[in-house]
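2 protein chains.
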Amino acid sequence: MTDINDVLNQADQNLPAAIDRLFEFLRIRSISTDPAFKQDCRDAADWLVADLAQIGFDAKRHDTPGHPMVVASSDTDTTPSSSGSPHFLFYGHYDVQPVDPLELWSRDPFDPAIEEVAGNKIIRARGAADDKGQLMTFVEACRVWQQVRGQLPCKLTLFFEGEEESGSPSLIPFMQSRQELLKADLAMVCDTGMWNSETPAISTMLRGMVGEEITITGPSRDLHSGMYGGPCINPIRVMTKILGELQAEDGTVQLPGFYEGVEELPANIKDQWASLDFNEQAFLGDVGLSIPAGESGYSVLEQIWSRPTCEINGISGGYTGEGFKTVLPSIAVAKLSFRLVGNQDPEKIADTLHQFVEDRLPADCSVSFKSKDGSKAIVMPVDGEAFQKAQQALSAEWNTDAVYAGCGGSIPVVGHIKEILGMDSLLIGFGLDDDAIHSPNEKYDLQSFSKGIRSWIRVLDSLT
Amino acid sequence: MTDINDVLNQADQNLPAAIDRLFEFLRIRSISTDPAFKQDCRDAADWLVADLAQIGFDAKRHDTPGHPMVVASSDTDTTPSSSGSPHFLFYGHYDVQPVDPLELWSRDPFDPAIEEVAGNKIIRARGAADDKGQLMTFVEACRVWQQVRGQLPCKLTLFFEGEEESGSPSLIPFMQSRQELLKADLAMVCDTGMWNSETPAISTMLRGMVGEEITITGPSRDLHSGMYGGPCINPIRVMTKILGELQAEDGTVQLPGFYEGVEELPANIKDQWASLDFNEQAFLGDVGLSIPAGESGYSVLEQIWSRPTCEINGISGGYTGEGFKTVLPSIAVAKLSFRLVGNQDPEKIADTLHQFVEDRLPADCSVSFKSKDGSKAIVMPVDGEAFQKAQQALSAEWNTDAVYAGCGGSIPVVGHIKEILGMDSLLIGFGLDDDAIHSPNEKYDLQSFSKGIRSWIRVLDSLT
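Here the protein sequences come in this chain order: V and Y. First residue of the first sequence? That's 1 in this note's numbering, and the numbers climb one at a time after it. First residue of the second sequence? That's 1 in this note's numbering, and the numbers climb one at a time after it.
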């Protein structure tokens, strides 16, 4: 570690300009899951290419059958020539979640602003935390380093995708065909959270995921429930019956073999987590709840970090507008996701779900499935030198010990980075539990942004 | 019965003009359940007032807190003066169902046209069968009678509401406060169907209804299912679990006491229904099904006409758009309707449903209900003289015995007519099973319209 106060001071000087740049980026409506926003996603990619070109990167947009990738490599002018210099791959995503229900937002989700909430400055916008604000902490760290030192801290490749919120259909083919472009010594990802607003974290366990959309069809068209109700099967009745059997009262998932590959948490990790000042009642109370609803016998932290789940993310069928309509619908649709841990096999779980539904389907109904690419759970080697140095750098910036944490969410790219590129990932992020990242009124604390930039400066310094 | 060939012949002459008038009426977008169409409903009421004024009625629009009523009384100039002349009340509704999903319509639902389908001429439009086309059969019968004979067949009061498809909130208060205006000897209603395309029917059993919307709330806001899934209760999971328990595998409804007041069908009616040429496989096959899904041990006709049901008419929660969104939603909503028979008590069943849900609700969730006014089932006295004469008149027009039928749907006004005005109702309608009345591509057979007009001429003749 060297004296990097010059770089850190310059980062503080640059903050207003960095916020302006982030706001420009946040104004681009890059909702990847809705085809109506295809051009906006391309605009976001182009914005990144133009910005990275200004700070010593050879940046290109790579078109795909879906939304484009952006890859930016530090060029020879800006990269230290020392042969011992490491090479890092930084990953982020420029696409964002849909914004509905729009009426619950306190402002236009794509008109970012700094608001003061309970004395705390926040950046309010869709994507502020997930992931535009987070990825820009790394970009701004590179910018200021290059500005102060005349070159980047080491060889860097920046890799941004635009399909993270819509199942990343182009990611695996792209990574497979561009391994030489993307390979480095270690990956860095900024898409996770802090332990709390004052304590940074390195996420070392990530749950995997399986996503499945189920469509059950009964009658060939919508019917009048008075004229046909009784003898004609109602697909909503079938759907609710089947989904109602998916989980037992004690929270356990009823798919046969679902818990194969799920291991009990090692005692030392269990102890470490138990020693964290995690307030279950505050966590639940913050979202209007009081009783843990997951598997009984596990702490809330274990239910989020180390236990698998089944969630129904969406359901629809029949008439859902204002008032009543006595329709007996032709179809019912549900979107499910399973969070996986340990060695649970995503494909096997998808197959088991299909069988579970088919086994319970009345002969007169049909079912179809749409699958989202699954991902296995991941555990990082926290004993390695890079993880320890990064932990110390974070602790220095925040003046408190950084935590090795789990993460309830899934970041499938981390699995692909391991499998396709053979690299571990250093998962450092500055999100907070109340960032509302997939909800109305998403925000990112201004401190997450400003100290996030400073944190990456320190981490890069510690590893080079 | 007199010689009414003069009137019938004139009805045939008038048909093209009658179709033009019906098309004008069908172009009015009188969707009562959606507040956006409030003015259209008013326009439909005004259209009726103007039309009825032209054929010897003293017609007025009566505004209500919801959509207006129309009441038209035959004036002294056009009513026979004989003291023995009866007085009939005719009821219909000018409002129509919503049209979604619009993309499944083969043409604009409010741009009516005559189409030829398999050699059969049909009128395609929302409301063609339910109920604009049907109510106009009676209006056109009055028009032609007045034209040919210089006066109406007897004293008539026509009563049209605009809230039938949205729970009729203004109906009971209006009927209660205008009893003198509406009272007559017998009511006539044209909102039911034929036995088949060649066989007319008088509906003498109508199922009642209870409508309930259930909203279950879990977390106070939408959450990320990765970050919160497991410990935080998912209201869709709760909703599907509860709804999944509402019906047993054999189709029986599991609400305690639900079958109180349900009587087995009398043997003679059961025999009459069994002797009808009802083709269960064709009925189900027409809508892509093959296996009766109602209570086992009952024929399909019994499942529709004489057995109670529970249907989920709509369900929604979480993300329901294209693609995936890993949300753990704050609320889930379901709309249910129960069809009632015999002496089932609508209020008691609503209360029992509330209790059923509350008994199964996790302590961390809350529930709210919205109720639609319930109605009891109705059985008409088919042995009365008016019913027998009308049956003979219908048989003469269609050249085959008219059937005394049940009806799966609910027509709450028939109950109100009995309770508030003390009258029985003669339910004659010309709809067919394939009219798709609450679905995309609603139609009304041209023959239903033309012979419907002729049928009312004969029925009015037989009763005066």
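Derived by calculation from the structure, the hints in this document are not laboratory data. Incorrect hints may appear among the rest.
Because identical chains share one entry, a pair is satisfied inside a single copy or across any pair of copies.
[Said to hold, decoys possible] In silico DSSO-like pairs for lysine-lysine, Cα to Cα no more than 27 Å straight-line:
(1) K183 / K121
(2) K348 / K60
(3) K183 / K370
(4) K183 / K270
(5) K389 / K370
(6) K121 / K370
(7) K370 / K38
(8) K370 / K270
(9) K241 / K270
(10) K370 / K241
(11) K241 / K348
(12) K389 / K241
(13) K418 / K38
(14) K121 / K60
(15) K348 / K121
(16) K348 / K38
(17) K418 / K121
(18) K121 / K241
(19) K270 / K60
(20) K389 / K270
(21) K60 / K389
(22) K389 / K121
(23) K389 / K38
(24) K60 / K370
Taking the hints in turn, this is what the structure says about them:
1. K183 / K121: The answer is neither: 38 Å in one copy and 69 Å across copies each exceed 27 Å.
2. K348 / K60: neither (38 Å within a copy, 68 Å between copies)
3. K183 / K370: Cα proximity of K183 and K370: none, with 32 Å in one copy and 59 Å across.
4. K183 / K270: neither (34 Å within a copy, 78 Å between copies)
5. K389 / K370: Intra 43 Å, inter 59 Å, cutoff 27 Å: neither.
6. K121 / K370: neither (41 Å within a copy, 41 Å between copies)
7. K370 / K38: within (21 Å within a copy, 40 Å between copies)
8. K370 / K270: Neither. Shortest intra-copy (36 Å) and inter-copy (46 Å) distances fail the 27 Å Cα cut-off.
9. K241 / K270: neither (37 Å within a copy, 32 Å between copies)
10. K370 / K241: both (20 Å within a copy, 23 Å between copies)
11. K241 / K348: both (23 Å within a copy, 25 Å between copies)
12. K389 / K241: For K389 and K241, the Cα distance exceeds 27 Å both inside one copy (52 Å) and across copies (49 Å).
13. K418 / K38: Neither way: K418 and K38 sit 29 Å apart in one copy and 60 Å across, limit 27 Å.
14. K121 / K60: neither (34 Å within a copy, 62 Å between copies)
15. K348 / K121: neither (46 Å within a copy, 54 Å between copies)
16. K348 / K38: Result: close neither inside a copy nor across copies, 33 Å intra and 53 Å inter.
17. K418 / K121: neither (37 Å within a copy, 66 Å between copies)
18. K121 / K241: neither (47 Å within a copy, 42 Å between copies)
19. K270 / K60: neither (44 Å within a copy, 77 Å between copies)
20. K389 / K270: Classified as within: same-chain Cα gap 23 Å, cross-chain 84 Å, threshold 27 Å.
21. K60 / K389: neither (31 Å within a copy, 85 Å between copies)
22. K389 / K121: neither (30 Å within a copy, 81 Å between copies)
23. K389 / K38: neither (40 Å within a copy, 68 Å between copies)
24. K60 / K370: Neither. Shortest intra-copy (33 Å) and inter-copy (56 Å) distances fail the 27 Å Cα cut-off.
Hint violations for this structure: numbers 1, 2, 3, 4, 5, 6, 8, 9, 12, 13, 14, 15, 16, 17, 18, 19, 21, 22, 23 and 24, all remaining hints satisfied.
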